[in-house]
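Protein chains in written order, with my numbering: chain A, 1 to 124; chain B, 1 to 124.
Because the hints were derived from the structure by calculation, they are not lab data.
Where is the CB? At the ideal position from N, CA and C, for every residue including glycine.
A portion of the hints provided could be inaccurate.
Ranges of calculated distance between the beta carbons of each label pair, as one might list FRET restraints [claimed, not checked]: (1) B:Glu121 <-> A:Glu70: 23 to 33 Å; (2) B:Ile120 <-> A:Glu12: 43 to 53 Å; (3) B:Ser105 <-> A:Ser105: 17 to 27 Å; (4) B:Leu5 <-> A:Gly41: 39 to 49 Å; (5) A:Ala11 <-> B:Glu94: 33 to 43 Å; (6) B:Tyr59 <-> A:His20: 22 to 32 Å; (7) B:Tyr59 <-> A:Glu95: 40 to 50 Å; (8) A:Glu113 <-> B:Ile63: 27 to 37 Å; (9) A:Glu19 <-> B:Pro115: 21 to 31 Å; (10) A:Asn9 <-> B:His20: 17 to 27 Å; (11) A:Lys61 <-> B:Asp122: 28 to 38 Å; (12) A:Lys40 <-> B:Asn9: 21 to 31 Å; (13) B:Ile120 <-> A:Asp31: 10 to 20 Å; (14) A:Ile17 <-> B:Ile120: 41 to 51 Å.
Derived SDA-like pairs (lysine to any residue); straight-line CA-CA distance at most 20 Å [stated by the list, open to error]: (15) B:Lys84 <-> A:Val104; (16) B:Lys16 <-> A:Lys84; (17) B:Lys76 <-> A:Val104; (18) A:Lys16 <-> B:Gly77; (19) B:Lys61 <-> A:Ala11; (20) A:Lys84 <-> B:Ser6; (21) A:Lys76 <-> B:Glu75; (22) B:Lys61 <-> A:Lys84; (23) B:Lys61 <-> A:Ile17; (24) A:Lys61 <-> B:Lys61; (25) A:Lys76 <-> B:Tyr59; (26) B:Lys61 <-> A:Asn9; (27) A:Lys84 <-> B:Val44; (28) A:Lys16 <-> B:Gly85; (29) B:Lys76 <-> A:Lys84; (30) A:Lys61 <-> A:Val104; (31) B:Lys76 <-> A:Pro7; (32) A:Lys76 <-> B:Lys84.
Number of protein chains: 2
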Amino acid sequence: MLNVLSPTNIAEELAKITEHWSPRVIGQVNDQYVKVAKVKGELVWHQHDHEDELFLVVYGKVIIRLQDAEDITLEKGEFYVVPKGTMHNPFAEEECGLVLIESVSTKHTGDVESPLTKSIEDQL
Amino acid sequence: MLNVLSPTNIAEELAKITEHWSPRVIGQVNDQYVKVAKVKGELVWHQHDHEDELFLVVYGKVIIRLQDAEDITLEKGEFYVVPKGTMHNPFAEEECGLVLIESVSTKHTGDVESPLTKSIEDQL
Numbered sequence: 001m002l003n004v005l006s007p008t009n010i011a012e013e014l015a016k017i018t019e020h021w022s023p024r025v026i027g028q029v030n031d032q033y034v035k036v037a038k039v040k041g042e043l044v045w046h047q048h049d050h051e052d053e054l055f056l057v058v059y060g061k062v063i064i065r066l067q068d069a070e071d072i073t074l075e076k077g078e079f080y081v082v083p084k085g086t087m088h089n090p091f092a093e094e095e096c097g098l099v100l101i102e103s104v105s106t107k108h109t110g111d112v113e114s115p116l117t118k119s120i121e122d123q124l
Numbered sequence: 001m002l003n004v005l006s007p008t009n010i011a012e013e014l015a016k017i018t019e020h021w022s023p024r025v026i027g028q029v030n031d032q033y034v035k036v037a038k039v040k041g042e043l044v045w046h047q048h049d050h051e052d053e054l055f056l057v058v059y060g061k062v063i064i065r066l067q068d069a070e071d072i073t074l075e076k077g078e079f080y081v082v083p084k085g086t087m088h089n090p091f092a093e094e095e096c097g098l099v100l101i102e103s104v105s106t107k108h109t110g111d112v113e114s115p116l117t118k119s120i121e122d123q124l
C-alpha cells in the first residue's frame with residue numbers, strides 16, 4: 001500500500017516528472033493507483049482487456065483517440081474513463097499534465113510493447 | 001457501469017449540488033466510484049472497515065480529522081487517502097468542493113447512521 005500520512009499535492013508531484021509518457025504512482029485507493037503523467041505527442045494504440053483507465057487533465061489539453069468512436073477532447077478539470085477493452089491512443093499537441101487512475105494490475109500500453117512502454121516498477 | 005461517451009467536467013458537476021454532505025456519483029473506473037461533494041461543517045465520526053476513501057480538494061479547504069493521528073489539512077489540488085479501518089471525520093469551516101474516490105460498495109458514513117447519511121441510491 002502506498003497510503004501516506006500527509007497530503008499529496010498533485011501539481012508538486014507533476015513538477016517532479018522530467019519525461020513524457022512516464023507515469024508516476026503517487027497514491028493508492030483500494031486496488032487502484034493514482035498516477036501523474038506529463039504527455040506530449042502520441043503514445044501508441046493499445047487496450048487494457050480487463051481494466052478501465054481514467055484520464056483527468058490538470059493542465060493543457062489531451063485528445064483520447066478511440067477506435068470506432070469520436071475523439072474525446074479533455075481540458076483542465078475534465079476527465080474521461082476509457083472503458084476496458086477499448087483501443088485508444090492519447091495525443092497532446094502541447095504538453096499536458098494528467099492524473100491517471102487505473103488498477104494496480106494495469107500495464108502501461110496493454111499487451112503492446114512500444115519504445116515508450118513503462119513497467120509498473122518504473123512507475124513506483 | 002457509469003462510463004459515458006463524453007468528458008465529465010468536475011466544476012460543472014459540483015455546481016449542480018445544492019446540499020452539503022450529499023455526494024453525487026459522476027463516474028466509475030473499475031470498481032471505484034468517482035463522486036463530487038460540497039461540504040461545510042463536520043460530517044460524523046465513522047470508518048469504513050474494508051475500504052480506503054480518497055478526498056481531493058477542488059476548491060476551499062477541508063480538514064480530515066483522524067483518530068489517534070494528526071489532522072490532515074487539504075487545500076486545492078491536494079488529496080489524501082483515508083486508509084480502511086481508520087476513524088475519520090471531515091470538517092470544513094467554509095464550503096469546500098471535493099472529488100471522492102471510493103469503492104462502489106462504500107457506505108457514506110460506514111456503519112454509523114447520522115441525519116447526514118446518504119445511501120448509494122441517493123448518490124446515483
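Now the hints, each set against the structure:
1. Distance hint check: the CB atoms of Glu121 (chain B) and Glu70 (chain A) are about 32 Å apart, consistent with the given range 23 to 33 Å.
2. For Ile120 (chain B) and Glu12 (chain A), the hinted distance range of 43 to 53 Å is not satisfied, since their beta carbons lie about 33 Å from each other.
3. Under the hint 17 to 27 Å, the C-beta atoms of Ser105 (chain B) and Ser105 (chain A), about 19 Å apart, fit the expected range.
4. For Leu5 (chain B) and Gly41 (chain A), the Cβ-Cβ distance of about 25 Å falls outside the hinted range of 39 to 49 Å, so the restraint is violated.
5. Restraint check, Ala11 (chain A) to Glu94 (chain B): a C-beta distance of roughly 22 Å breaks the suggested window 33 to 43 Å.
6. Here the CB-CB span from Tyr59 (chain B) to His20 (chain A) is close to 29 Å, well matched to the stated 22 to 32 Å.
7. Checking the proposed 40 to 50 Å range against Tyr59 (chain B) and Glu95 (chain A) shows it is violated: the Cβ atoms sit about 25 Å from each other.
8. Taking 27 to 37 Å as the suggested C-beta distance range, the pair Glu113 (chain A) and Ile63 (chain B) does not conform, at roughly 46 Å.
9. Between Glu19 (chain A) and Pro115 (chain B) the C-beta distance comes to about 50 Å, which lies outside the given range of 21 to 31 Å.
10. The hint said 17 to 27 Å for the Cβ distance between Asn9 (chain A) and His20 (chain B), and at roughly 25 Å that hint holds.
11. Checking the proposed 28 to 38 Å range against Lys61 (chain A) and Asp122 (chain B) shows it holds: the Cβ atoms sit about 34 Å from each other.
12. Restraint check, Lys40 (chain A) to Asn9 (chain B): a C-beta distance of roughly 23 Å satisfies the suggested window 21 to 31 Å.
13. A C-beta distance of roughly 19 Å is found between Ile120 (chain B) and Asp31 (chain A), which places it inside the suggested range of 10 to 20 Å.
14. Taken as a hint, the range 41 to 51 Å is violated for the pair Ile17 (chain A) and Ile120 (chain B), whose Cβ atoms sit roughly 36 Å apart.
15. Taking the CA atoms of Lys84 (chain B) and Val104 (chain A), the gap is about 17 Å. The hint holds against a cut of 20 Å.
16. At most 20 Å may separate the alpha-carbon atoms for a hinted pair to count; Lys16 (chain B) and Lys84 (chain A) exceed this at roughly 29 Å.
17. This hinted pair does not check out: Lys76 (chain B) and Val104 (chain A) have alpha carbons roughly 26 Å apart, beyond 20 Å.
18. A threshold of 20 Å between alpha carbons decides the hint, and for Lys16 (chain A) with Gly77 (chain B) the separation of about 15 Å falls inside it, so the pair holds.
19. Between Lys61 (chain B) and Ala11 (chain A) the CA atoms are separated by roughly 16 Å; this keeps the pair inside 20 Å, and the hint holds.
20. The suggested pairing of Lys84 (chain A) with Ser6 (chain B) holds, with an alpha-carbon distance near 16 Å, which does not exceed 20 Å.
21. Simply put, Lys76 (chain A) and Glu75 (chain B) have alpha-carbon atoms about 18 Å apart, close enough for the 20 Å limit, and the pair holds.
22. Restraint check for Lys61 (chain B) and Lys84 (chain A): not satisfied, since their Cα atoms lie roughly 34 Å apart, outside the 20 Å limit.
23. About 26 Å separates the Cα atoms of Lys61 (chain B) and Ile17 (chain A), which puts this hinted pair outside 20 Å; it is violated.
24. With a C-alpha separation of about 26 Å, the suggested pairing of Lys61 (chain A) with Lys61 (chain B) is violated against the 20 Å cut-off.
25. Proposed proximity of Lys76 (chain A) and Tyr59 (chain B) is supported: the alpha carbons are some 14 Å apart, at most 20 Å.
26. The suggested pairing of Lys61 (chain B) with Asn9 (chain A) holds, with an alpha-carbon distance near 13 Å, which does not exceed 20 Å.
27. Restraint check for Lys84 (chain A) and Val44 (chain B): the C-alpha separation of about 36 Å exceeds 20 Å, so the hint is violated.
28. Between Lys16 (chain A) and Gly85 (chain B) the alpha-carbon distance is near 32 Å, which puts this suggested pair outside the 20 Å criterion.
29. Pair hint Lys76 (chain B) plus Lys84 (chain A) does not hold up; C-alpha atoms about 30 Å apart against a cutoff of 20 Å.
30. Of the supplied pair hints, the one linking Lys61 (chain A) and Val104 (chain A) is violated, its CA atoms being roughly 25 Å apart against a limit of 20 Å.
31. About 11 Å separates the Cα atoms of Lys76 (chain B) and Pro7 (chain A), which keeps this hinted pair within 20 Å; it holds.
32. For the hint pairing Lys76 (chain A) with Lys84 (chain B), the CA-to-CA distance comes to about 30 Å; that exceeds 20 Å, so the pair is violated.
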